[in-house]
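Following the hints, complete the assembly by docking chain B onto the known chain A.
Sequence lines, in order, name chains A and B.
In terms of my numbering, the first sequence opens at residue 1 and continues consecutively.
In terms of my numbering, the second sequence opens at residue 460 and continues consecutively.
What the hints contain is simulated information worked out from the structure, not anything from laboratory work.
Keeping only pairs whose Cα atoms sit at most 27 Å apart, straight-line, the calculated DSSO-like set for lysine-lysine is: (1) B:K538 x B:K494; (2) A:K382 x B:K544; (3) A:K413 x B:K571.
Stretch-level coverage of chain B by chain A, calculated; a stretch enters the list once three of its residues show a Cβ under 8 Å from a Cβ in chain A: (4) 519–531; (5) 534–547; (6) 559–572; (7) 575–584.
Beta-carbon label-pair distances, calculated as ranges: (8) A:S40 x B:N585: 55 to 65 Å; (9) B:E567 x A:R156: 56 to 66 Å; (10) B:T520 x A:K177: 20 to 30 Å; (11) B:E513 x A:A274: 31 to 41 Å; (12) B:N585 x A:T89: 45 to 55 Å.
The C-beta atom is built at its ideal place from N, Cα and C for all residues, glycine as well.
Each chain, written out:
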Amino acid sequence: MRQRQRTTSLGLLAIVVACLLLPQSSGASGGGTDLNQSASKSTIAPGEKVTLGLGERPSPCPVRWDFGDGTTGEGWPVTHTYARPGNYTVRAAFLCDVQATPLPALPATIKVVDSKAQPPRAVIATSLTSVVAFEQSVRFDASASRDSKGGRAISRYRWDFGDGGKAEGVTAEHVYKKLGSFKATLIISDRDTNTDDSTSVAISVAAPAGGMPTASPAPATSVPRPTAAVRPAGLERAPFALGQRGIETTGLNAPRLDTSFSLIHLGVWPSGAAIPAHTFVLLRDNPQHVLLRGTVSSNSPWLKADPFAFDTTDGLSFSFSVPDSKLLLPGQTNWAQVSININGALYEVAVAVTVGGLSAAQAATVDAMSEQVATILQSSQKADLLVTNDRYANPGQFVQGLAAHYVLNAGYKGRMPATTWATRSAELVAASDLDRDGWIGFTAYDRSIGALGEGYIAR
Amino acid sequence: MRKTLLLVGLLLFSLSVAACDSGTPADEPPTVVSKFLQAQKEERYNDAYTLISEDSRSKLTADAFSGRLKQARAAAKVKDIAILKVSSKPIIAGSRAAVSYSIELTLEDGSKTAQNETAVLLHQANNWLIVWPPPGSTGQ
Numbered sequence: 001m002r003q004r005q006r007t008t009s010l011g012l013l014a015i016v017v018a019c020l021l022l023p024q025s026s027g028a029s030g031g032g033t034d035l036n037q038s039a040s041k042s043t044i045a046p047g048e049k050v051t052l053g054l055g056e057r058p059s060p061c062p063v064r065w066d067f068g069d070g071t072t073g074e075g076w077p078v079t080h081t082y083a084r085p086g087n088y089t090v091r092a093a094f095l096c097d098v099q100a101t102p103l104p105a106l107p108a109t110i111k112v113v114d115s116k117a118q119p120p121r122a123v124i125a126t127s128l129t130s131v132v133a134f135e136q137s138v139r140f141d142a143s144a145s146r147d148s149k150g151g152r153a154i155s156r157y158r159w160d161f162g163d164g165g166k167a168e169g170v171t172a173e174h175v176y177k178k179l180g181s182f183k184a185t186l187i188i189s190d191r192d193t194n195t196d197d198s199t200s201v202a203i204s205v206a207a208p209a210g211g212m213p214t215a216s217p218a219p220a221t222s223v224p225r226p227t228a229a230v231r232p233a234g235l236e237r238a239p240f241a242l243g244q245r246g247i248e249t250t251g252l253n254a255p256r257l258d259t260s261f262s263l264i265h266l267g268v269w270p271s272g273a274a275i276p277a278h279t280f281v282l283l284r285d286n287p288q289h290v291l292l293r294g295t296v297s298s299n300s301p302w303l304k305a306d307p308f309a310f311d312t313t314d315g316l317s318f319s320f321s322v323p324d325s326k327l328l329l330p331g332q333t334n335w336a337q338v339s340i341n342i343n344g345a346l347y348e349v350a351v352a353v354t355v356g357g358l359s360a361a362q363a364a365t366v367d368a369m370s371e372q373v374a375t376i377l378q379s380s381q382k383a384d385l386l387v388t389n390d391r392y393a394n395p396g397q398f399v400q401g402l403a404a405h406y407v408l409n410a411g412y413k414g415r416m417p418a419t420t421w422a423t424r425s426a427e428l429v430a431a432s433d434l435d436r437d438g439w440i441g442f443t444a445y446d447r448s449i450g451a452l453g454e455g456y457i458a459r
Numbered sequence: 460m461r462k463t464l465l466l467v468g469l470l471l472f473s474l475s476v477a478a479c480d481s482g483t484p485a486d487e488p489p490t491v492v493s494k495f496l497q498a499q500k501e502e503r504y505n506d507a508y509t510l511i512s513e514d515s516r517s518k519l520t521a522d523a524f525s526g527r528l529k530q531a532r533a534a535a536k537v538k539d540i541a542i543l544k545v546s547s548k549p550i551i552a553g554s555r556a557a558v559s560y561s562i563e564l565t566l567e568d569g570s571k572t573a574q575n576e577t578a579v580l581l582h583q584a585n586n587w588l589i590v591w592p593p594p595g596s597t598g599q
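Next comes chain A alone, as it looks inside the complex (with noise of 0.2 Å):
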């Protein structure tokens, strides 16, 4: 009788310690089950079906269920639909008789996503060039960004400046205290679909045109002193002039570098013309053999500086170059933006060439043909990404490129029609497939018959 009472004591003890146990026993790490595990999907559509609870029941005490949207459930296994996009963390109680206590188990995370929808479009507008004077400063307006159905449920604004600034909101204001190149970011936030998007604009703090502050007094030396000199504070003193002294430019379309900013044309070339190798000296001579460190930077890829950076004692040059003239868009004048650091200083080159080549009739049909590119973003409501876009600062511009190129070459125009030619060009500046053929922009066929312009697999 004993005996018999202490192997049923035993058996209850057994059972008790089963179901204190074998939740955890059988779960990941971390103490509990995890859920991840015993869904039939992570990522679902609304009203997909998603089944959780799949595998070995983990206890054989009952599972009640939170999905995350308000609802919950009992069972194992389990379906359930969602109903709208978003993540929902979904957590499930494993409650046994015995205990009378729920065991907590590690949440599923599962993603709904409404592939039909578009991304959410992030979209900056600054009140500034992308060049702007050191401590000025500078609006930024996401107010033109969208949301995946063209509205502005967007949840929320971040911006990171670049410079380990921050902010939140449509709007910001920055300035910034430092010289140099910075990538401003802005992440918005879908509300409908809780998807973000990204876009970044590049901004270089230069001086201002009367020079920057000086903090300390001049050392004393022989060196001419600097008249538009750029010194960032803690930075030694640029010890050399870039007044009317001391900075002398030779070579081809020769001008002076006598303020922070300065404009080199390299002429007017026919299109497809191999153009020469422009070089003009920066510092006549270094007498004082002053150490100069810095670099030089293009922001266009048809120009090209040399030397990209430089560490020396000895007189400093330059050459800009243009070494594959195909780079360049015909019928326009292309710009490019060259940034010169000497000593922390900052200096400003635009650099311009024109590629000629078209009539006045011509160009009154390249006018036409942009004007088609546009009508195309117009429909698709984008029409505002030929004003700037993540991909090309003067959007407007490069199509009137691409145009020009279409009208100056028979071969290519005789080839693509002109409507497949301003919505390959359409899409290439929105960045979007809108013809829904799977392919963004020019294609390789449309590349070989003569086509200028990239193009790449819809996502």
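Just chain B, lined up with the frame of chain A:
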């Protein structure tokens, strides 16, 4: 009689103040671009300078701007500029606008070449002003 004259005087004064306050309406982007091109054609660079954006002006003085454009025109050997068309349909996105235009350059050797370009403008201090130098079309 004196009272009537006083009232008429006050009325005229109020009207003149109101007229001064309203100012002249700001030019639309195509008008600004037309004025800028015309000023360049006629080498009135100081007038062109007043039409460029505030940050463009902060980078160089009117004299420096004038000097750069004269130099560029000489380097490009441009003898004359004919304005063929300025689009009357600007595309506006927030505080930015784009206006396309076409011009024809006559070079010193007598040859002519036409160009299609797009001016980018910013809305600053209640005016549309031109970004100069223009953003490159093949890069950021």
